[in-house]
Amino acid sequence: MTNEEIKNTVLRLLGTVAPEADLTKLKPGVRLRDQLDIDSMDRLNFVIALHKEFNVDIPEADYQKLETVEDCVNYLVSHAGSASKA
Amino acid sequence: MAEFLMPHLGADMAAGTLRVWHKKPGDRVSRGDIIADVETDKADVEVEVFTSGILEKILIEPGTKVPVGTVLAIIRQEGEVIPEVSPRVSPEAPAAAAAVSAPAALALVHEEGRLRVSPVAKKLAQELGIDLASISPTGPGGRITREDVERAAQARKAAVPETAPAPADRAARIRQAIAAAMARSKREIPHYYLNTTVDFERALTWLNEENLKRPVDERLLYGILLVKAVALALREQPEFNAVWNEGQVILKPEINIGTAISLRQGGLIAPALLKADRKPLGELMKEFRDLVQRARSGSLRSSELSESTITVTSLGEQGVEGIFGIIYPPQVALVGFGRIEQRPWSVEGRIVSRPLITASLSADHRVSDGHRGGLFLNAIERLLQQPEKL
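Order-wise, the sequence lines are chains A and B. Be aware that the first sequence starts at 1, since it is given in the numbering used here, and climbs by one per residue. Be aware that the second sequence starts at 1, since it is given in the numbering used here, and climbs by one per residue.
Keep in mind that a hint or two might mislead.
As a list, the in silico EDC-like pairs of lysine to aspartate or glutamate whose alpha-carbon atoms are at most 16 Å apart [unchecked claim]:
{"id": "1", "chain 1": "A", "residue 1": "27", "chain 2": "A", "residue 2": "57"}
{"id": "2", "chain 1": "A", "residue 1": "52", "chain 2": "B", "residue 2": "217"}
{"id": "3", "chain 1": "B", "residue 1": "57", "chain 2": "B", "residue 2": "127"}
{"id": "4", "chain 1": "A", "residue 1": "27", "chain 2": "A", "residue 2": "60"}
{"id": "5", "chain 1": "A", "residue 1": "52", "chain 2": "B", "residue 2": "3"}
{"id": "6", "chain 1": "B", "residue 1": "252", "chain 2": "B", "residue 2": "277"}
{"id": "7", "chain 1": "B", "residue 1": "286", "chain 2": "B", "residue 2": "217"}
{"id": "8", "chain 1": "B", "residue 1": "213", "chain 2": "A", "residue 2": "5"}
{"id": "9", "chain 1": "B", "residue 1": "213", "chain 2": "A", "residue 2": "57"}
{"id": "10", "chain 1": "B", "residue 1": "186", "chain 2": "B", "residue 2": "210"}
{"id": "11", "chain 1": "B", "residue 1": "286", "chain 2": "A", "residue 2": "42"}
{"id": "12", "chain 1": "B", "residue 1": "24", "chain 2": "B", "residue 2": "48"}
{"id": "13", "chain 1": "B", "residue 1": "389", "chain 2": "B", "residue 2": "209"}
Listing some non-contacts, in silico: residues in chain B with all C-beta distances to chain A over 10 Å [to be verified]:
{"id": "14", "residue": "2"}
{"id": "15", "residue": "116"}
{"id": "16", "residue": "193"}
{"id": "17", "residue": "208"}
{"id": "18", "residue": "288"}
{"id": "19", "residue": "289"}
{"id": "20", "residue": "292"}
{"id": "21", "residue": "353"}
{"id": "22", "residue": "369"}
{"id": "23", "residue": "381"}
These are calculated hints, taken from the structure and not from any lab test. Ideal placement from N, C-alpha and C gives every residue a C-beta, glycine not left out.
Model the full assembly from the supplied sequences, consistent with the hints where possible.
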């Protein structure tokens with residue numbers, strides 16, 4: 001999976017968590033919580049979705065490494081065996 | 001015979017639109033079955049039936065908006081013969097028309113102080129906020145009927161000119177519904193407010209360790225510890241687990257925690273985690289996740305909206321330090337939690353840095369006083385120091 005494919009999957013999963021959000025306007029380097037109206041329940045659902053989609057176990061201590069879309073891509077690249085850089 | 005009514009799903013609901021029937025006449029229904037969908041200003045709700053029997057007759061067709069308390073359908077017991085029943089409220093003139101059915105006309109009448117009033121009329125007056133003493137009775141023997149209450153409601157509505165434009169969308173209607181309920185609360189309930197600071201160190205430490213043991217989809221949020229602590233504290237201070245009804249407090253046997261959930265389109269709704277004191281944290285968390293998902297997608301069940309006995313709200317994630325909320329009638333208390341903040345705290349004479357959270361209580365002074373409120377907050381604080389027992 002390329003970085004672009006991972007990013008698109010991350011955006012798709014974000015869309016399920018925050019269906020009202022216009023994901024085309026998301027800035028990859030800006031914190032998600034500053035761009036989306038999401039709470040801790042949304043964040044938990046997002047982590048669960050990432051876990052199911054990428055088969056990556058994300059401990060709570062790592063939640064802070066998933067602040068932006070870029071963060072998510074980097075984290076998944078480095079933690080998912082199947083993910084590879086473009 | 002039992003009447004299946006347009007349910008009262010909160011202080012902010014005066015009417016609802018019947019959207020879909022899931023059963024048809026002749027179908028067997030059991031207590032707890034979802035037999036219809038209703039749209040309120042705030043949500044689409046799956047309505048459960050609280051009696052078992054045969055759906056005898058549907059009185060209200062889909063797409064019809066009727067006041068709370070309107071008979072939507074008749075359910076009979078097996079083998080029971082029901083006389084002809086007609087709708088009480090016509091779709092063309094919901095609040096004015098009222099053809100009382102023969103069975104309903106036989107309803108027992110009881111004394112309301114010096115007033116004679118039918119149970120249906122009494123219930124409707126209560127739901128619409130109509131003072132029975134202000135109504136001119138037209139029923140036999142000077143009895144106040146359902147129609148009398150509906151006429152009084154119409155008259156009151158006519159007397160208050162519409163100042164706001166008709167709501168254009170769900171968000172505006174949600175805002176209006178909240179406005180009505182909260183204005184009523186502030187007008188009628190003598191609130192008092194208390195707050196206390198809770199050392200959240202033990203709870204967070206326990207939670208972090210607990211979540212390490214759990215698969216990702218079974219992890220707990222700290223909010224669920226707060227809900228459970230409130231639920232257990234209510235066992236010690238049951239006067240806060242109650243409703244205020246017609247001048248008296250009614251203690252509720254079950255502890256159903258209304259949890260304030262923000263909606264995507266704006267506004268909030270507070271469906272209940274039913275029997276929250278009896279459920280382990282894992283089960284409570286699973287139900288809470290489901291509740292949030294369904295609240296935001298508009299598929300709550302009627303019991304979740306009508307059975308709350310207290311409300312818990314948290315604005316910690318919004319950075320709020322403390323909350324002094326408005327009680328949701330007919331409840332008599334609301335517990336709020338602010339953000340978790342690392343601050344200096346005195347422990348055994350030493351100043352240490354601790355994660356602290358402000359717990360607040362808004363309570364109805366007709367039902368309780370500050371002394372009992374303080375004990376209630378103390379119980380919450382104490383329970384949060386033993387998270388493994390929650």
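**OP:** Mind listing which of the numbered hints don't hold for this structure, in increasing order?
**Re:** 1, 3, 4, 5, 8, 10, 17, 18, 19, 20
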